[in-house]
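Since chain A is already given, all that's left is putting chain B on it; use the hints.
Each chain, letter by letter, is given below.
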Amino acid sequence: MVHFQADELPAADRAVLQTHLDACPNCARRLEIEDGLLSAIRARIARVPAPPGLETRVRAVLAAQAPGAGLAWYRRPMFAALATAALLAVLMLPGFDGPVDNRVDGVVIAGAEVLVVDMDCDRAGRDLDQQKGCDKTHHLNALKTSDGRYWSFNLDRESHRRLLVDPGMRGHRFRVEGKFYPKFQTLQMTRYTDLGTVPL
Amino acid sequence: MSPGPPHDRRTEFEDVALPFMDALFNLALNLTRNRKDAEDLVQEAYLRAYRFFDSYQPSTHIKAWLFRILRNTFINRYRAAKIRPEEVDFDKVEMVYERLVDDAFLQSRQPVSPEQAVMDGVLDAEVQQAMDALPEEYRTVVVLALAEEMSYKEIAGALSIPLGTVMSRLHRGRKLLQKSLLEYARRKGIISGRGGVKTSDEAGT
Chain A
5 MVHFQADELP
15 AADRAVLQTH
25 LDACPNCARR
35 LEIEDGLLSA
45 IRARIARVPA
55 PPGLETRVRA
65 VLAAQAPGAG
75 LAWYRRPMFA
85 ALATAALLAV
95 LMLPGFDGPV
105 DNRVDGVVIA
115 GAEVLVVDMD
125 CDRAGRDLDQ
135 QKGCDKTHHL
145 NALKTSDGRY
155 WSFNLDRESH
165 RRLLVDPGMR
175 GHRFRVEGKF
185 YPKFQTLQMT
195 RYTDLGTVPL
Chain B
2 MSPGPPHDRR
12 TEFEDVALPF
22 MDALFNLALN
32 LTRNRKDAED
42 LVQEAYLRAY
52 RFFDSYQPST
62 HIKAWLFRIL
72 RNTFINRYRA
82 AKIRPEEVDF
92 DKVEMVYERL
102 VDDAFLQSRQ
112 PVSPEQAVMD
122 GVLDAEVQQA
132 MDALPEEYRT
142 VVVLALAEEM
152 SYKEIAGALS
162 IPLGTVMSRL
172 HRGRKLLQKS
182 LLEYARRKGI
192 ISGRGGVKTS
202 DEAGT
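Residue numbers (the working numbering), protein chains in the order written: chain A, 5 to 204; chain B, 2 to 206.
So here's chain A without its partners, still in its complex pose (with noise of 0.2 Å):
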């Protein structure tokens, strides 16, 4: 019951389930009653921000830190001038057709284009549909750019998370702003238009 709340629970289970639930109207009360405890406890549950003073503290330590005492290869200059050139390379094919401003904080991108995919699924070879009707809940979707590559993206907003778990989102193209960090595979994303279901 716990994860049928939750809305984990396979496709094939949870219809089931719910065959059972609109049959059996003890288990639909049950069912009641924990949906109401559960919003109680959501709605109660504390979300206490980070008092104001902690960001400047922990900048302040961070700064505090020695220089390493050697950067990692990746972070040699020539290492590094490569790697900037390449993913330059990359944001310059077909599917990225906006300006680009390089930034020593992430490459700041303002109309790339993107593929959602469930990532899992995609890394397997299924194509879109069998994507879109895959019912693993635990699969998340990711961008997939034209290079092949996956970039998963901030969480910070209620309408990015949707695209994190929606499956009817995968098979859509997206125009996207914001910042590409390469070393995590993630996109900060500030803003993204819809394209539709038109491939890359």
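For the record, the hints were derived by calculation from the structure and aren't laboratory data.
All C-beta atoms in this analysis are idealised placements derived from N, C-alpha and C, irrespective of residue type, glycine included.
Treat each hint with caution, since some may be false.
[To be verified] To give an idea of the interface, some chain B residues facing chain A are shown, with a C-beta separation under 8 Å as derived from the structure:
#, residue
1, TYR51
2, HIS62
3, VAL128
4, MET132
[Said to hold, decoys possible] Some chain B residues flagged as far from chain A (calculated, every beta-carbon gap over 12 Å):
#, residue
5, ASN73
6, ILE76
7, ASN77
8, LYS93
9, VAL94
10, PRO136
11, GLU137
12, GLU138
13, LEU160
14, SER161
15, ARG188
16, LYS189
17, GLY190
Relative to the frame of chain A, chain B by itself:
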């Protein structure tokens, strides 16, 4: 692009990691149950994350990675002195919980909203007390699932535990929490141990 001196590395880390400070602090507060300790824990977790920034695996979401570091820091720093893990007789918890639900709601002659009973009768501080009373393993999963609204997979990644363990801990954590809240409501007379729910007048509120 510049070669990546320490200042740039720090800027990159701060841009990616600091937006999750509220979420980290909330979890830290639930773990330590103390604002001062929670602040120290968040600071230490960020420091560790920064030191191990090079070992971050891109397949893991940064937020989940930070949660994992924070929890490991908590375990190393705050639980080192604990000799035995907290033990819960979960069969007994289930039995008591089922009886509470049965008495208060299933046997009730009038339709009763458990949500309203808890919302009306239980104070925020009592919800927090019930959270604080959860064993740490359950509390962490409950916070990530209910406050952070993370999926089972995200939680499993954040805590480096199997999906089945997430499911089990969430199930048990929720039962413990719900049992505590119903007991508060019963002690305050909002719900009856014999069946039915008292009105506000009967409960003396």
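For B/GLU137, is the shortest CB-to-CB distance to chain A above 12 Å, so the non-interface label stands? Holds, since 16 Å exceeds 12 Å.
Checking a non-interface call: every C-beta of chain A should be farther than 12 Å from the C-beta of B/ARG188. Is that right? The claim holds: B/ARG188 sits with its nearest Cβ about 17 Å from chain A, beyond 12 Å.
Would you assess whether B/ASN73, listed as outside the interface, keeps its beta-carbon beyond 12 Å of every beta-carbon in chain A? holds (18 Å)
Take a quick look at B/ASN77 and tell me if its Cβ sits farther than 12 Å from every Cβ on chain A, holds or violated. holds (18 Å)
Interface restraint verdict for B/MET132 against chain A (beta-carbon cut-off 8 Å): holds (7 Å)
12 Å cut-off, C-beta based - B/PRO136 kept clear of every residue in chain A: holds (17 Å)
Restraint: B/VAL128 near chain A, CB-CB cut 8 Å. Satisfied or not? holds (4 Å)
Closest C-beta approach of B/HIS62 to chain A relative to 8 Å, hint status: holds (5 Å)
Least C-beta distance from B/LEU160 to chain A larger than 12 Å: holds (14 Å)
Closest CB of chain A to the CB of B/LYS189 still more than 12 Å away: Nearest chain A Cβ is 15 Å from B/LYS189, so the label holds.
Minimum Cβ distance from B/GLY190 to chain A greater than 12 Å, as the annotation requires: For B/GLY190, whose nearest Cβ neighbour in chain A is about 18 Å away, the distance exceeds 12 Å, so it holds.
Tell me if B/TYR51 is really an interface residue toward chain A, meaning its C-beta lies closer than 8 Å to one of theirs. holds (6 Å)
Consistency with the previously given hints is maintained throughout, with no hint failing.
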